[in-house]
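Work out the full structure, taking the sequences as your base and the hints as a guide.
Protein chains in written order, with my numbering: chain A, 1 to 576; chain B, 1 to 390.
It is possible that some hints are incorrect.
Using C-beta positions, here's what the derived DEER-type ranges look like [to be verified]: (1) B:G48 <-> A:A373: 57 to 67 angstroms; (2) A:R141 <-> B:G144: 32 to 42 angstroms; (3) A:A74 <-> B:L328: 50 to 60 angstroms.
Away from chain B, derived, C-beta distances all over 10 angstroms, residues of chain A [as the list claims (entries may be wrong)]: (4) R30; (5) A77; (6) R100; (7) R103; (8) S117; (9) T384; (10) R434; (11) L459; (12) D503.
By construction, these hints were calculated from the structure, which means they are not laboratory data.
Positions of the beta carbon are idealized from the N, C-alpha and C atoms, including for glycine.
Listed below, chain by chain, are the residues.
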Amino acid sequence: MTATTPVSRAADVPAAERLLTVRDLAVSYRTRRGDVHAVRDVSLHVDAGETVAVVGESGSGKSTTAAAVVRLLAPAARITSGTIDLLGHDLATASPRVLRTVRGALVGLVPQDPTVSLNPVTRVGDQVAEALVVHGLADRRGAARQAVEALRRTGLPEPELRARQYPHELSGGMRQRVLIAIALVAQPRLLVADEPTSALDVTVQRRILDHLDELTAATGTGVLLITHDLGVAADRADRIVVMSRGRVVETGTPDEVLGSPREAYTRALLAAAPSLRGARRATPVPSSPAPGARATTTGTPPRTPGPPALEVRGLVKDFPLPRTSGAGTGVLRAVADVSFAVPRGRTLALVGESGSGKSTTARLALRLTEPTAGTVQVDGTDVTRARGTQLRALRRRLQVVQQNPYASLDPRWTVERIVTEPLRAFRVGDRRERAARAAELLDLVALPASALQRRPAELSGGQRQRVAIARALSVRPDIVVLDEPVSALDVSVQAQILDLLADLQRDLAVSYLFISHDLAVVRQVAHDVVVLRHGRVVEQGDVEKVFARPSHPYTTELLEAIPGTSVRAELRGGER
Amino acid sequence: MTRHGTPVVQARTTDARTVPRTEGAPHDARAARPGGDAVTRYLARRLGLAVLVLWAAYTVSFVVLYALPGDPVSIMYGGDSTDVTPEQLDALRAEYGLDQPLPVQYLTQLLDAVRGDLGTSVVSKQPVTTLLAQAIPPTAAIAGAALLLAVVGGGTLAVVATATRHRALAGFLLSLPPLGVAIPSFWFGLTLVQWFSFQLPIFPALGNQGFASIVLPAVTLALPTSAIIAQLLSRSLLHTLREPYVDTALAKGAGRVRVHLRHALRNAALPALTATGLVVGGLLSGAVVTETVFSRAGLGRLTATSVAAQDIPVVQGVVLVAATVYVLTNLLVDVVYPLLDPRIVTGGRAAGVTAEPDDAGRPAADEHATRPPSTAPAEHAHAVPAGGAR
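As structure tokens, then:
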């Protein structure tokens with residue numbers, strides 16, 4: 001078994017104390033179709049002061065492993081065999097009473113999604129203090145004081161104030177700091193962090209991870225870091241455990257695992273990780289000659305003559321604010337003077353963090369929201385004031401693919417009905433032609449024809465996103481707005497969808513307006529990029545140029561925040 | 001109409017990140033609470049709405065009772081009375097103002113109602129207000145007792161059913177509420193009388209005398225209500241127990257009881273609270289059957305007899321009382337709700353979300369002073385149907 005070798009080798013290192021030893025762990029879920037083995041034969045260990053990253057895609061069993069370590073498995077899951085030894089306590093078989101004394105005091109948990117992991121009706125400070133109170137580590141007043149200190153240590157400004165606030169009054173990043181304070185306030189020896197930053201913006205993500213590093217390094221706390229992002233693992237971990245289909249497929253230091261991956265799966269994961277690859281997927285339009293030097297990896301189609309497919313000028317969008325006492329403008333300027341053009345057959349990416357106005361800009365371009373000022377032009381025609389028939393005709397030329405393929409498809413409809421809905425809406429063809437078109441579309445997005453009669457629930461996330469893309473393409477639009485089309489998907493699936501989008505663009509000469517917070521993804525798919533911040537364009541231009549020589553400090557910050565910087569240079573060096 | 005007031009109470013979406021902190025104006029936690037002025041305005045608006053609902057209830061019942069086919073005066077004497085001459089009927093009509101055109105009747109009666117005069121009972125010739133004043137206290141007694149029983153009983157059942165690790169027990173307990181809703185209350189009431197009045201003479205079978213006479217009617221009335229509460233609360237608890245913050249609490253080392261009561265129940269009770277109006281309405285309508293079974297005087301009996309006798313002024317009075325209770329209950333719920341759920345703000349003064357300090361702008365922190373806050377409240381493009389059907 002792959003995992004045993006590194007375990008014994010690491011045991012030779014004398015100094016560090018062994019905190020956690022997981023041996024031959026197996027977890028299965030009871031389902032209607034019998035037991036599903038989510039985790040099999042997993043062995044790993046964490047020493048004091050060490051960060052061990054468990055990497056894998058969804059369904060690889062990494063989160064189940066983390067949940068097993070704190071014994072917070074879903075009700076249908078149970079540990080079927082193996083031991084989880086935490087400083088002499090066997091957690092796999094521990095009684096609820098033992099678990100209560102171990103959790104919080106010996107092992108802390110930083111959960112996945114900070115926006116839903118805090119009790120919404122309890123003050124933040126009380127929630128931190130509770131971790132001390134339940135272990136009898138402090139009386140109420142002392143706990144409250146220590147809670148404030150714990151909040152201060154996580155880098156929250158004005159912790160006294162924050163302690164009196166409720167979770168909804170804090171941003172996602174601040175809530176994650178609160179959760180880190182909860183996990184660390186009772187000074188546990190081990191910290192289990194399950195995708196602690198995947199719900200956060202990249203720049204916030206980096207600061208939170210930096211801070212976590214500092215805190216745990218200072219106290220010698222061991223960290224079991226669960227992540228889907230090999231880049232994060234490479235930056236943060238002393239050792240990496242790669243999991244696939246419930247098994248450990250590879251273990252080693254970041255250099256070993258990323259430098260010379262032994263397993264095919266690791267190599268595939270590595271190749272798919274957007275943060276670690278620099279190669280461009282965006283391809284030139286067929287007719288254009290490949291531009292010289294970059295012909296092998298990239299291709300920038302020459303700007304075709306004629307008006308751009310989509311052009312917006314001076315877009316402004318104000319939202320009225322709820323009545324405020326005190327002085328205030330009364331409006332929130334979500335988009336402030338945004339101008340850009342999407343040339344035909346090319347991809348323009350709008351990047352920015354949450355609240356930068358990128359989705360609002362997309363909605364303005366789609367004419368789903370009325371702009372306060374500015375114009376939207378499609379193919380040289382001003383459509384800012386289009387309504388009625390003209391607007392309906394416009395809908396046919398502009399289509400959208402949403403972020404979450406789990407929510408954007410009607411769960412009761414068959415795939416055929418979903419992809420032909422726009423055709424029915426525009427009364428294109430008769431029933432037979434539409435059925436034929438549906439089959440053609442599935443072929444286009446590389447789904448089997450057998451999927452036509454399936455329902456979304458029977459498809460994987462990637463397959464669902466393919467269905468959403470097929471639906472958008474059904475009426476042969478000129479422009480497709482892709483709103484974070486891959487951020488809900490696993491990295492390897494992300495890579496497939498991005499490849500598909502590039503192929504479709506090459507074949508259909510469709511233009512993309514690509515909304516993303518992930519610069520690593522943008523680098524791969526886009527020709528041009530617009531960086532938005534607080535509703536304003538801070539930088540725009542050719543993606544290679546902007547990324548190579550960012551002129552605005554914010555762009556630099558965004559680029560630096562992409563995880564995996566520690567290995568990227570090496571890897572790209574190796575590719576050449 | 002369960003929560004007619006809901007639109008006024010504005011729920012903050014939890015994921016909308018807004019309004020970065022402005023320097024020099026620290027975000028006091030208390031500042032998030034509506035000021036006294038806002039509360040007054042909010043209450044005034046809610047009271048205005050309450051008056052509107054009462055007026056609507058009065059008008060609809062007037063239209064239903066008077067404007068439907070059928071002559072009220074003939075109905076008063078029984079549709080086929082032959083011993084009354086047309087002249088006598090006309091005289092009666094004049095006495096009740098029924099010879100006037102309908103809009104005039106409506107306005108006259110509405111004005112009288114506003115002044116507190118709800119007319120006179122056709123059957124007993126007593127003022128309707130007197131009848132109502134006599135009927136309300138005994139009904140309030142059993143309804144209040146029933147509400148208490150229902151909240152305690154239904155709540156306990158929900159908590160125990162969701163807390164127990166005993167699968168069969170949980171299944172059994174969770175199957176009780178549907179049964180409680182399904183059992184006809186007249187049958188349940190009669191069974192209670194059979195057991196606890198005749199076989200074991202503990203409680204009186206009927207009448208209004210003393211505390212003991214309240215017990216059986218209150219239990220009868222509480223059964224369907226507690227079933228509804230148990231069902232709502234257990235479903236809400238099961239949902240809440242799957243929330244990630246419950247895992248967070250468990251990961252701190254909190255025990256199951258603590259997690260269940262301090263974290264889950266507190267959150268799960270909020271949706272159940274919104275159904276209070278429904279529950280109180282159920283108690284009032286249940287009183288009709290219960291008071292009939294136990295031969296108790298009260299609002300329910302008054303309703304039953306006046307409907308049977310087609311005593312229109314009394315029926316309208318009862319409708320007004322029911323509407324008032326309903327409106328007041330909902331008003332109370334809406335006023336209490338923000339105190340229990342900090343995410344709700346009354347009257348549109350939104351609490352600012354404090355953003356991650358450094359994501360509010362490191363390179364150009366001064367931008368904030370001159371520019372409105374940086375976020376889009378409508379960053380949910382995923383609510384838009386794809387496919388261009390619009």
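Going through the hints against the structure:
1. Distance hint check: the CB atoms of G48 (chain B) and A373 (chain A) are about 38 angstroms apart, inconsistent with the given range 57 to 67 angstroms.
2. Checking the proposed 32 to 42 angstroms range against R141 (chain A) and G144 (chain B) shows it holds: the Cβ atoms sit about 40 angstroms from each other.
3. A hinted range of 50 to 60 angstroms is violated for the C-beta pair A74 (chain A) and L328 (chain B), which are about 44 angstroms apart.
4. For R30 (chain A), the shortest C-beta to C-beta distance to chain B comes to about 12 angstroms, beyond the 10 angstroms cut-off, and the non-interface label holds.
5. Under the 10 angstroms C-beta cut-off, the non-interface status given to A77 (chain A) relative to chain B holds; the minimum distance is some 13 angstroms.
6. Residue-level check failed: R100 (chain A) sits 5 angstroms from the nearest beta carbon of chain B, not beyond 10 angstroms.
7. A Cβ of chain B approaches the Cβ of R103 (chain A) within 10 angstroms, the least distance being about 4 angstroms, so the stated non-interface status is violated.
8. For S117 (chain A), the requirement that its beta carbon stay farther than 10 angstroms from each beta carbon of chain B is not met, with the minimum near 4 angstroms.
9. Non-interface call for T384 (chain A) relative to chain B: holds, since the shortest CB-CB distance, roughly 17 angstroms, exceeds 10 angstroms.
10. For R434 (chain A), the non-interface assignment is confirmed: its Cβ lies about 13 angstroms from the closest Cβ of chain B, beyond the 10 angstroms cut-off.
11. With a minimum CB-CB distance of about 16 angstroms to chain B, L459 (chain A) clears the 10 angstroms threshold, and the non-interface call stands.
12. Remark: the non-interface label on D503 (chain A) is consistent with the geometry, its nearest Cβ contact in chain B lying 20 angstroms away (cut-off 10 angstroms).
Hints 1, 3, 6, 7, 8, counting from the list given before, are not met by this structure.
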